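The listed protein sequences correspond, in order, to chains A and B.
Numbering of the first sequence is given in this note's numbering, commencing with residue 580 and proceeding in unit increments.
Numbering of the second sequence is given in this note's numbering, commencing with residue 23 and proceeding in unit increments.
I should point out that these hints are in silico values taken from the structure, not numbers from a laboratory.
Predicted model only: the values in this text are computed from it and were never measured.
Treat the hints with care, as some may be off.
[Said to hold, decoys possible] Capping the alpha-carbon separation at 20 Å, the derived lysine to any residue pairs in SDA-like fashion look like this: (1) B:Lys-136 with B:Asp-97; (2) B:Lys-167 with B:Glu-268; (3) B:Lys-35 with A:Tyr-708; (4) B:Lys-136 with B:Cys-262; (5) B:Lys-35 with A:His-873; (6) B:Lys-34 with A:Lys-659; (7) B:Lys-35 with A:Gly-619; (8) A:Lys-659 with A:Val-870; (9) B:Lys-383 with A:Thr-759; (10) A:Lys-932 with A:Asp-656; (11) B:Lys-167 with B:Leu-85; (12) B:Lys-136 with B:Glu-148; (13) B:Lys-167 with B:Asp-259; (14) B:Lys-364 with B:Asp-139; (15) B:Lys-35 with A:Arg-719; (16) B:Lys-383 with A:Trp-758; (17) B:Lys-383 with A:Ser-756; (18) B:Lys-35 with A:Pro-704; (19) B:Lys-388 with A:Pro-750; (20) B:Lys-383 with A:Pro-753; (21) B:Lys-136 with B:Leu-46; (22) B:Lys-383 with A:Phe-751; (23) B:Lys-35 with A:Ala-701; (24) B:Lys-383 with A:Leu-745; (25) B:Lys-383 with A:Asn-930; (26) B:Lys-34 with B:Leu-46; (27) B:Lys-383 with A:Gly-617; (28) B:Lys-396 with B:Asn-358; (29) B:Lys-34 with A:Ile-875; (30) A:Lys-659 with A:Asn-930; (31) B:Lys-396 with B:Glu-408; (32) A:Lys-932 with A:Tyr-916; (33) B:Lys-388 with A:Gly-619.
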Amino acid sequence: MNTSQTSYQVYPRQFFLLAFISAVCFKVVMLPQYLSVGAGRMAYLTMAWMMLIELGMLGIVYGFVSRASLFGSNLPDWLKAVLALAILASSLFKGSILCCESLHYICTALFDNATWSYAMLALLPCLFYLSYKGGNILARTSEILFWFLAAAFLFNVMFAHAEGSLSNLSPFQPDASVWTTADRHLIWFGDFTPLLFLQVVPTKKKSRVYGILTVLATLICPVLLMLAFQTIYGGGGVLVSNAFSKLSIFNKISFLLGTVDFPTVCAWLMMATIKLSLILYGAAQCLHYFVRKHAIVSSILVTLAMGAIVLIALGSIGNAYRVATTWIRYLFGLLEYAVPMIAYTALRICNRKSDARLPIALNDAPRPKALPERSGSAAPQGESL
Amino acid sequence: MKKIDMSKITGKKWLMILIIIVLLIIYDGLAVQTSIVSRAVAVGIAIDLDDQNQIELSAQVILPRNGGQTQGGNDFAIFTASGETIQECVAEMNTSIGAIASFAHTTVIVLGKKMLDDGRTDILREMMASPIVSDNVQLVCAEDKAKDILTAKVSINEVSSYHLQRLLQSGHNQSSVIPTNLKTFFMHYTHVGQTSYMPIVVRKETDKPISNGGQGGDDKEPYYLLDVSNTLVYTRDRYCCQLNREQSRGLSYVLFALDDGILTYEDDRGKLSEATLVRSRCDRTYNRDTREVVLTITMIIRNAQNSNLDHDAFDVALSDTERARIETNVRNDILNCYEYAKSNGADVFFLGETAYGSLGKYWEYKDDPDYLQKMLLRVEIRLRSE
Numbered sequence: 580m581n582t583s584q585t586s587y588q589v590y591p592r593q594f595f596l597l598a599f600i601s602a603v604c605f606k607v608v609m610l611p612q613y614l615s616v617g618a619g620r621m622a623y624l625t626m627a628w629m630m631l632i633e634l635g636m637l638g639i640v641y642g643f644v645s646r647a648s649l650f651g652s653n654l655p656d657w658l659k660a661v662l663a664l665a666i667l668a669s670s671l672f673k674g675s676i677l678c679c680e681s682l683h684y685i686c687t688a689l690f691d692n693a694t695w696s697y698a699m700l701a702l703l704p705c706l707f708y709l710s711y712k713g714g715n716i717l718a719r720t721s722e723i724l725f726w727f728l729a730a731a732f733l734f735n736v737m738f739a740h741a742e743g744s745l746s747n748l749s750p751f752q753p754d755a756s757v758w759t760t761a762d763r764h765l766i767w768f769g770d771f772t773p774l775l776f777l778q779v780v781p782t783k784k785k786s787r788v789y790g791i792l793t794v795l796a797t798l799i800c801p802v803l804l805m806l807a808f809q810t811i812y813g814g815g816g817v818l819v820s821n822a823f824s825k826l827s828i829f830n831k832i833s834f835l836l837g838t839v840d841f842p843t844v845c846a847w848l849m850m851a852t853i854k855l856s857l858i859l860y861g862a863a864q865c866l867h868y869f870v871r872k873h874a875i876v877s878s879i880l881v882t883l884a885m886g887a888i889v890l891i892a893l894g895s896i897g898n899a900y901r902v903a904t905t906w907i908r909y910l911f912g913l914l915e916y917a918v919p920m921i922a923y924t925a926l927r928i929c930n931r932k933s934d935a936r937l938p939i940a941l942n943d944a945p946r947p948k949a950l951p952e953r954s955g956s957a958a959p960q961g962e963s964l
Numbered sequence: 023m024k025k026i027d028m029s030k031i032t033g034k035k036w037l038m039i040l041i042i043i044v045l046l047i048i049y050d051g052l053a054v055q056t057s058i059v060s061r062a063v064a065v066g067i068a069i070d071l072d073d074q075n076q077i078e079l080s081a082q083v084i085l086p087r088n089g090g091q092t093q094g095g096n097d098f099a100i101f102t103a104s105g106e107t108i109q110e111c112v113a114e115m116n117t118s119i120g121a122i123a124s125f126a127h128t129t130v131i132v133l134g135k136k137m138l139d140d141g142r143t144d145i146l147r148e149m150m151a152s153p154i155v156s157d158n159v160q161l162v163c164a165e166d167k168a169k170d171i172l173t174a175k176v177s178i179n180e181v182s183s184y185h186l187q188r189l190l191q192s193g194h195n196q197s198s199v200i201p202t203n204l205k206t207f208f209m210h211y212t213h214v215g216q217t218s219y220m221p222i223v224v225r226k227e228t229d230k231p232i233s234n235g236g237q238g239g240d241d242k243e244p245y246y247l248l249d250v251s252n253t254l255v256y257t258r259d260r261y262c263c264q265l266n267r268e269q270s271r272g273l274s275y276v277l278f279a280l281d282d283g284i285l286t287y288e289d290d291r292g293k294l295s296e297a298t299l300v301r302s303r304c305d306r307t308y309n310r311d312t313r314e315v316v317l318t319i320t321m322i323i324r325n326a327q328n329s330n331l332d333h334d335a336f337d338v339a340l341s342d343t344e345r346a347r348i349e350t351n352v353r354n355d356i357l358n359c360y361e362y363a364k365s366n367g368a369d370v371f372f373l374g375e376t377a378y379g380s381l382g383k384y385w386e387y388k389d390d391p392d393y394l395q396k397m398l399l400r401v402e403i404r405l406r407s408e
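Can you make the complete structure from the sequences, with help from the hints?
As structure tokens, then:
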């Protein structure tokens with residue numbers, strides 16, 4: 580198997596699906612509660628504002644990966660090393676914070692008082708394996724997940740029953756709390772950095788439709804969920820953790836039987852696994868850039884490092900929140916935004932320089948040729964660039 | 023030393039999947055898994071305060087038979103535990119039952135009067151934040167001890183929890199007492215004025231049914247029906263007042279989009295007649311100049327034909343005077359409810375919330391706790407016949 584060469588190649592639809600999962604997954608669980616506490620009735624505005632920035636970042640990341648992957652690009656080695664170091668640090672930090680959220684969800688919403696260490700025992704091998712297998716396996720997994728998400732969504736449409744009040748969203752008077760809350764929860768945004776390690780393989784099918792759909796879904800889903808959360812819970816939202824699980828309880832059934840949220844819990848759990856694996860994949864790629872040993876060693880090391888941070892250094896969702904909202908958020912949060920912008924700008928400059936040096940048709944060398952898309956498959960294996 | 027080619031191992035996906043499965047099985051063995059027969063599934067719970075102001079939690083629990091098998095019907099028992107917090111009560115209850123109390127399928131919480139009199143909103147807050155209780159759970163208040171409602175031997179349905187559940191979940195929003203669940207309670211309670219409500223449940227003795235399963239007990243014990251005609255108004259951490267049947271109906275006209283109900287009126291012949299409420303909704307606006315909240319209630323009604331059979335079976339159109347009488351009745355119910363709640367200091371129609379939603383920080387009474395006394399209410403009824 581030749582994972583090192585082609586595991587980063589994905590089709591446009593796979594890329595956009597991964598982007599959607601990356602952007603939505605952890606914004607719909609604890610974040611609505613956090614934003615409600617900070618921004619009150621204007622919490623949806625905080626979410627909408629940050630999602631608009633996210634979409635800008637998606638554009639930049641797509642601009643990069645449609646030309647090359649981070650390590651397959653013609654950026655200077657020193658810059659690659661700096662970016663890899665930044666991504667490694669921010670991925671480990673952010674991955675640990677988000678992993679705490681997953682464990683909290685598993686140990687409270689899914690299991691009855693399960694302990695984090697046991698849940699980690701089940702979660703870490705999955706994360707390690709998916710992150711080791713690489714980007715195109717993650718992309719393929721996300722395609723499988725898509726149908727679970729669609730089924731969960733269908734169940735919700737059929738069985739959801741909510742009584743909300745639009746008056747919970749008024750008055751529309753944005754104040755400083757909108758921005759301070761966004762600033763405080765910086766770590767929950769800027770989710771596209773690990774996608775820099777992928778490369779989008781152009782297909783003969785037009786990818787514009789996937790792009791537009793992803794942009795719409797990425798913007799709409801978290802904002803819509805935030806609006807639903809506020810209209811249903813109002814000020815009571817500050818008491819509700821696990822917003823996604825609470826909102827997706829099939830109320831029509833729940834009125835008679837109690838909580839019925841298994842399909843959405845499963846769908847979310849799969850999204851979380853893919854998202855965390857993607858972060859670990861990015862971190863492992865960065866470590867591999869320095870260590871240059873077997874890729875598996877890098878994957879094991881970053882997985883264990885994240886496990887240790889979660890279980891030893893953080894240990895609880897409260898600690899994770901406290902750490903994620905200290906001054907450290909500026910360091911790692913801004914790295915998440917800065918890295919794609921620096922990488923994209925540098926790539927364009929480098930490409931322009933090479934254009935000037937090589938006036939013949941080699942100027943776009945890293946860009947792979949268009950391939951006929953194979954329905955229901957992972958991105959090409961063994962295709963030489 | 024021969025170098026190991028790791029990709030040969032990790033490339034075998036079935037081997038890796040097998041390893042993950044084995045790890046999951048180990049996880050399953052390590053984690054504490056409780057089988058269904060070791061769980062005590064509570065269908066309803068009651069919360070009281072005892073004489074020492076400790077929380078007294080009672081749970082109506084399904085008793086699993088051998089291996090969880092049932093031969094028609096269920097057995098139920100009520101378990102009670104006391105403690106400083108709900109979690110403490112649950113832990114004590116687990117010990118007394120010898121099983122883990124599970125509240126995921128609890129659909130009704132009955133609250134004792136003393137608990138609400140003492141303003142123990144913190145207990146409800148704890149329930150709301152708890153992952154073990156669904157926030158769809160219905161809230162009702164007992165006239166006295168909550169446990170008395172749970173222990174009542176009911177003549178229909180198996181146990182009082184199921185009876186209450188069916189009473190509160192009719193599937194229609196009727197012009198009467200409106201059920202409240204945990205999330206609706208807190209949605210209203212966090213509005214300006216901190217006012218919320220819930221149905222009051224009362225036991226009414228009734229005849230013995232022909233056959234009945236249920237939770238056993240002495241057959242000489244009286245049988246009950248549960249009545250939920252009145253509404254409790256709870257404001258600023260205190261039991262505020264009780265709305266009677268008519269006032270509760272007035273509350274439902276304003277706070278809910280209704281799709282069922284009966285409007286009685288005196289027809290042109292001087293007889294009591296009925297119209298069916300097909301649909302209604304309430305729109306609210308705030309007039310800053312007059313400090314007046316205008317409630318515009320739009321109702322679609324249908325004349326009940328049966329009442330006119332002795333007169334003219336096909337003459338079902340309402341006259342202008344009959345429509346005016348219906349409007350007056352509805353308005354009276356609403357104003358009666360409003361004035362009574364206002365006299366007890368409760369902003370039951372959320373006038374403050376309406377004004378704040380309209381003006382926000384520019385609302386002059388934003389920080390005034392007595393804002394209700396300085397605001398006016400106007401009710402406009404728009405009837406449409408179908």
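Evaluated hints:
no.: 1; hint: B:Lys-136 with B:Asp-97; result: 30 Å, violated
no.: 2; hint: B:Lys-167 with B:Glu-268; result: 25 Å, violated
no.: 3; hint: B:Lys-35 with A:Tyr-708; result: 10 Å, holds
no.: 4; hint: B:Lys-136 with B:Cys-262; result: 12 Å, holds
no.: 5; hint: B:Lys-35 with A:His-873; result: 18 Å, holds
no.: 6; hint: B:Lys-34 with A:Lys-659; result: 32 Å, violated
no.: 7; hint: B:Lys-35 with A:Gly-619; result: 48 Å, violated
no.: 8; hint: A:Lys-659 with A:Val-870; result: 14 Å, holds
no.: 9; hint: B:Lys-383 with A:Thr-759; result: 19 Å, holds
no.: 10; hint: A:Lys-932 with A:Asp-656; result: 16 Å, holds
no.: 11; hint: B:Lys-167 with B:Leu-85; result: 24 Å, violated
no.: 12; hint: B:Lys-136 with B:Glu-148; result: 18 Å, holds
no.: 13; hint: B:Lys-167 with B:Asp-259; result: 19 Å, holds
no.: 14; hint: B:Lys-364 with B:Asp-139; result: 18 Å, holds
no.: 15; hint: B:Lys-35 with A:Arg-719; result: 14 Å, holds
no.: 16; hint: B:Lys-383 with A:Trp-758; result: 18 Å, holds
no.: 17; hint: B:Lys-383 with A:Ser-756; result: 14 Å, holds
no.: 18; hint: B:Lys-35 with A:Pro-704; result: 13 Å, holds
no.: 19; hint: B:Lys-388 with A:Pro-750; result: 12 Å, holds
no.: 20; hint: B:Lys-383 with A:Pro-753; result: 11 Å, holds
no.: 21; hint: B:Lys-136 with B:Leu-46; result: 48 Å, violated
no.: 22; hint: B:Lys-383 with A:Phe-751; result: 10 Å, holds
no.: 23; hint: B:Lys-35 with A:Ala-701; result: 17 Å, holds
no.: 24; hint: B:Lys-383 with A:Leu-745; result: 18 Å, holds
no.: 25; hint: B:Lys-383 with A:Asn-930; result: 54 Å, violated
no.: 26; hint: B:Lys-34 with B:Leu-46; result: 19 Å, holds
no.: 27; hint: B:Lys-383 with A:Gly-617; result: 17 Å, holds
no.: 28; hint: B:Lys-396 with B:Asn-358; result: 18 Å, holds
no.: 29; hint: B:Lys-34 with A:Ile-875; result: 14 Å, holds
no.: 30; hint: A:Lys-659 with A:Asn-930; result: 15 Å, holds
no.: 31; hint: B:Lys-396 with B:Glu-408; result: 39 Å, violated
no.: 32; hint: A:Lys-932 with A:Tyr-916; result: 25 Å, violated
no.: 33; hint: B:Lys-388 with A:Gly-619; result: 16 Å, holds
The structure shown violates the earlier hints numbered 1, 2, 6, 7, 11, 21, 25, 31 and 32.
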